[in-house]
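Read top to bottom, the protein sequences are chains A and B. The first sequence begins at 1 in UniProt numbering and counts up one residue at a time. The second sequence begins at 1 in UniProt numbering and counts up one residue at a time.
Simulated from the structure, these hints should not be mistaken for lab results. Predicted model, so just to flag it, every value in this text is computed and none were measured. It is possible that some hints are incorrect.
Subject to a maximum C-alpha distance of 30 Å in a straight line, what follows is the list of computed DSSO-like cross-link-like pairs (lysine-lysine) [what the hints assert, rightly or not]:
#, chain 1, residue 1, chain 2, residue 2
1, B, K115, A, K103
2, B, K31, A, K109
3, A, K73, A, K135
4, A, K73, A, K5
5, A, K5, A, K135
6, B, K31, A, K73
7, A, K103, B, K31
8, A, K73, A, K103
9, A, K135, A, K6
10, A, K135, A, K103
11, A, K135, A, K162
12, B, K78, A, K109
13, A, K70, A, K109
14, A, K3, A, K69
15, A, K50, A, K135
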Amino acid sequence: MDKLKKTADLLLDISSLLMVSGANTNRINLSLTRFASTLNCQAYSMVTHKTLVLTVTDNETEATFTRVKKIPKYRINFSTISSISRASWSALRDDWTIAQIEKELHIIKSHNRYPRTLVLIAVSLAGAGFCNIFKGDYLNMLVAFISTLIGLFILQTAHNHKINAYIATFLASFSASFLASLGVFYHLGEHPQAALATSVLFLVPRVPLINSFTDLLDNNILNGMVRFTNGAMTFLSIALGLFVTMLLFQLN
Amino acid sequence: MEEAIINVLELSIWSGIAAVGFGILFNIPRKTILVVFFLGFAAGLVKFLLIHFNVNIVLSSLVAASFVGILSSPLAHKVHHPPVVFSIPAVIPMIPGYYAYETVLSIMSFTFMEKGSPERVELIVSIFYNGFTTLFILIAITIGVSLPLLLSRKETVKKADDK
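Looking at chain A on its own, in the form it has when it is part of the complex:
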């Protein structure tokens, strides 16, 4: 029983880590199956946005153990997804024990993210890139770069203070569009409207939207709808921030 309890906890830990890192439902189930067959048992799971339910059955004794876990805060991390996928293959190939998998999971969790400054600059460059795609000239791209930089900075700060994600998105959208509206107000560059439109694009919930449709394709309809609703709510927060700016500047 103790072994089963440990297995269930480990598998729950792995799946919740995958969930918050931005894996879709199918990938979570696939990883669970791989790790479970390594540990000589069967795993049956119910994956929802906030909670995981998992039952493990021992292949030999047929004893079962069920456990529920609350999913922590979402934070997309593709390195984690990649490492867990690689670990699942190695575990299957080399018949890892529970202790080995636990150790590997501990290593995966301790990996550092990219430094905050690098993330800020990279995403701002992406914002400038979007502005270029929407026919902005280099002055517009600079406006988009600065607005994205400040907007993302505010979003990160709000996340660090554990503010509600939708309010954080609203604040970021408002500040980014406010800065870009100054460009429209003073007629900077050829298409200041392009800079305004692209200044909030970094907030678009891209990974939830893609995962929503891959889940729907896999017939994980409930999770797909949840992710889509999540994305739509984020869109509304973005729109609200933009709307307040437009009221202030009497744009439109």
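Got chain A; can you put chain B on it based on the hints?
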């Protein structure tokens, strides 16, 4: 013609940069950064070339995303990371943020700003056109990226079942 080629190339390079920018936000493994840039660039090249030849944006997105999806399987074997890690960041610049932005803006104007009838009809047209374009581009991108993955995934599931 030359000007058009340079324009498409510039757009594609910025697509690649945008893909890497979001990849870093999503904390992709260091080794995959170059792959993400290349795939983002390639996707942009395919998409903007097709748009240049007056192909509809939904169809161009589908072709570009399928291109990424097909390329990502052999690349995954080469760099030893699962394909999602670089195929999703590569299609990120194609996600229709601008259409979504227009949709929501039109909805807001319809509800709070415009009172006149002809303007409101125009806004309804804008809401429907931009909203459905957003939806169809999203579906096209997902199908394009995940169809090769879905096909290859079936094989792995089968192997696990046989054991």
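message = Checking each numbered hint in turn, tell me which of them this model violates, lowest number first.
response = Checked against the structure, the hints that fail are numbers 1, 3, 5, 9, 10, 11 and 15, while the rest are satisfied.
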